[in-house]
Amino acid sequence: MQTMLNQSISGDTTSLNAQQKISAGLGICGLLILLLATFNIEFSPLWLWLTVSLLSMAIGIIWYTKATYNGHPAGIKNNGVFFRSLSARGLIGYSVGVFLTGFYIILYFYPHLLGLNKGAENDGVIALFDPLSKTLSGNSASQWFVYGTLYTVAILFFGIKFIYKYRHSRYHIIRTISVMFFQLGFAFLIPEFMAALNGDLPYYDWKNMWPLNYYFFDQYNVNGMLNGGTIGAIMLTFGIASIFVISPVLTFFFGKRWYCSWVCGCGGLAETAGDSFRQLSDNSTLAWKIERWLIHTVVVFITISTVAVIHSYLGTDTSEYWLTKSSFLWMVAGILTLVFGWVMIFKRDKLQKDAQYGAIGFFVVIIALLMIHLSAETEHVFLIEKKTLRKQYGFAIGSIFAGVIGTGFYPILGNRVWCRFGCPMAAILGFQQKLFSRFRITTNGGQCISCGNCSTYCEMGIDVRAYAQKGQNIVRSSCVGCGVCSSVCPRGVLKLENGPVQERVDENPIIIGHDNQPRLNK
Amino acid sequence: MFRHIILTDSMEHVVIIGNGISGVTAARYIRKLSDKKITMISAESKYFFSRTALMYVYMGHMRFKDTQPYEPSFWKKNDIDIVEGFVDSIDHEGKSLHFSDHSTMSYDKLILAVGSKPNKFGWKGEDLDGVQGLYSKQDLELLESNTKNCKTAVIVGGGLIGVELAEMLLTRNIKVQFLIREDRFWGGVLPEADSRLVERHMRKHHGLQLRFEDELEEIIGDETGRVDHIITKNGEKIDCQLVGLTAGVRPNIDFLESSAIETNRGILVNEDLTTNIEDIYAIGDCAEFRVPNGERKPIEQVWYTGRMMGETVAQTICGSHTSYSPGHWFNSAKFFDLEYQTYGWVWNTLKDDEAEFIWQNKEKELLLHFVFDKNSHVIKGVNTFGIRLRHEVFDHWLTIKASIEEVLTDLKAANFDPEFYKRYEEVIISEFNSKFGTTLNVRKRSWWKNTLNKLTHANDA
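Taken in sequence, the protein lines are chains A and B.
Going letter by letter, the first sequence gives residues 1 to 522 in the numbering used here.
Going letter by letter, the second sequence gives residues 1001 to 1461 in the numbering used here.
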């Protein structure tokens, strides 16, 4: 019995095949149009060239997908990932990193270089997007509209690539459609339409909650919502409910994945455009340690600066408004104390030692800070002026960390740098996931062969194998539940699932299949 | 980390030759149980790596360092000494080891965890350049250089390593001619329906040709001593630049030839993993049980059994004498994109007292193969392809001797596929009903542990 099939066009994975090269070139041409427009090369008519540019990128990505995965049976196809310059931190990888970083710096700090002219007609690449922006909201484009459009195009078409790459997995298909939907609808279209309907409303992405949306409680934003009629009131209520009700409930039932890898825009880009870089996330214990300190410092920073911001615009007279400077501070202190007390009394054993020290340290700092405010009116927090504190958060965290490093460094540090080291939302959801959630990754008895695919392809740098090979379930605050560890496992060892809280963690399991083996002390 | 302090023998020196899964497991467990001095010797690689993952390094899925489950600092932190060297001989009377560089090392307890090497059956030309097996890190490096300008490869032996090698080579655009002695794939292990499914799946991969009932006759080299072509038993000539010998492995025990340690194909051990020489133990691939354990083979060359032997020998060495006593058999593999798991015993041909139920979905390449006792209907084992099953649940069913009917009724509890995957329990049970004239219904899905507990109590009562 013999069968011989034709050689496929793309068997060799050490270098790109012809179609991959052409399609990548097409996508780059689309990008090139934008670059040339930035340098004020005249494109006319604008809408035609914008369409050509966006279509080239879209077709380029889809064609590349076909050239890479078509003709191969469905399944995990990470062939050559570590041989290619782009995905293995080679010269191309670093070049793309530098290019992206440069783009973010210009976007955040020098938008005039892109052609943004305040009070005058746009030129450059921003003008190229004017027709689309005017169609959607009636306004001229801004640098954020350009960015939002490109961001959405990236999630949609790299999303299609991701879906095709993982077409054997309904989990990935459904979750990717979800991030595509939330990006296109909630982050891109709805805010534009809302602006078209009511120009007074602030830009509002319904799924982007505080603290990821760090300006939610800024005075202009709150005022905008308060003055925005019924829709504004709904926005404000929904925003607060998201933080205190919706997200804790969903995280309890499904883990933080409901947000981080199903809804969130940052996560959406990481999962789609960033998928080629997930293997670059450092999974050493040192990286884990840095991660824990960094991300929780960001949480403290955003909490203090938000409290300071709200404090600065609240009044002192209860007859004017029920919430005053001092009652607000007492309320914050009360909530923090409750959370801290609950964790220390009921969940202490679930935290690592340094996490406990960290929690105590942070708690003391926040309380001390609030006390200072209560006892004396001061304009300074840690010797920094209150007003600049929030600005500095916006600069250091919102721009540099989330944008420049978070996305610019995809090809160098992996696709979840921001989510892992910087995102305060991820930290809060993770804190809950670790202590109060039904979600876990179950290890399938004794089937692990320690191969390391799971740890290599974990975008959050979790050493999944370290748990799996001991027969332990994986319950980690940073896990975003993308499910790729389960997909790349060659032995069917890992399963994301929601179940009773009590059975989630077994620190010291018997490895199934060796029943007579005595358990060891830890 | 908490350690038992055992004053009397705290400085006893345990030496382990080999740092594969067996040796490393032994070292880790001895460290957890005692303060003994532990030295691990390897000539292959300084640090432990997962042998099963070597293929992913060649395919570019991982870097070599990603195959290492522990960071280099782990060994120091756990006070496990690492020595890179090749042991030439063992002086069991003087309790010392002699290395190829003429140095020596003394031991109090010696664990041999030296693994295997690829089988060679004395084929003509088997030592030519471009002819190799695939087992060690060095084999992988050799493969990298042997496939520099390779267009066609011949693989000899249709087992697990052969499939892996085929998958690896295809990713480098190398055409593969796969010689399989039996009339079907992995016929020594898989039942026919299962073999056929794997074959059908493999044929979907371009560039692979399966040649059943064909064997290697001779390998012919060119004037430089490098393989040029092979001749098969059927007289066919195949031009090739690589010959992969993957017809199984055998214990890597040549260095023991002149020693007093009793060997057969492997190092002969008793049920407690002791050899005929006091204070010398053998574990993993290289150990051969004098009396096989139940229906298991005398030599078990599987990742999991290596690990279990390591766990066992550590208990004995740390004072709690323990015999190797594995639970129900389990194993798993992946044939290209087709995942396979097995729990309990499914032999390649049914035994007299056994009956079977095979369900398959050819289009989706799914197959469940249940074997149960013809009379009592007690489940004996299952092979599953394309559907993941929960180890804990099947292990439990085997322990409580659940019937095939009970298994199928609660099959939802055993499903381990990712969320949102299509489920087939209803289809499976209705096919069973029509084949066996039963009227079973699938029990509603609940949390799998609840189902498991319910079943235990039902049987207890």
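Since the hints were derived computationally from the structure, they do not count as laboratory data.
Just to be clear, a hint being listed does not mean it is correct.
[Said to hold, decoys possible] Cut-off 25 Å, straight-line C-alpha distance, at most; resulting in silico cross-link-like pairs (SDA-like, lysine to any residue):
no.	chain 1	residue 1	chain 2	residue 2
1	B	Lys1204	A	Arg476
2	A	Lys470	B	Ser1320
3	B	Lys1422	A	Met331
4	B	Lys1137	B	Asp1091
5	A	Lys66	A	Arg170
6	A	Lys77	B	Ser1100
7	B	Lys1117	B	Tyr1047
It should be emphasised that the depicted structure is a prediction, and the values quoted were computed from it without experimental measurement.
These are the hints, each one checked on the structure:
1. Restraint check for Lys1204 (chain B) and Arg476 (chain A): not satisfied, since their Cα atoms lie roughly 39 Å apart, outside the 25 Å limit.
2. In summary, the hint linking Lys470 (chain A) to Ser1320 (chain B) is supported, as the alpha carbons are separated by about 22 Å, within the 25 Å threshold.
3. Pair hint Lys1422 (chain B) plus Met331 (chain A) does not hold up; C-alpha atoms about 49 Å apart against a cutoff of 25 Å.
4. Under the criterion of a C-alpha separation no larger than 25 Å, the hint pairing Lys1137 (chain B) with Asp1091 (chain B) is inconsistent with the structure, at around 28 Å.
5. Of the pairs offered as hints, the one joining Lys66 (chain A) and Arg170 (chain A) holds, with about 19 Å between alpha carbons and a cut-off of 25 Å not exceeded.
6. Taking the CA atoms of Lys77 (chain A) and Ser1100 (chain B), the gap is near 42 Å; set against the 25 Å cutoff, the hint is violated.
7. Restraint check for Lys1117 (chain B) and Tyr1047 (chain B): satisfied, since their Cα atoms lie roughly 19 Å apart, inside the 25 Å limit.
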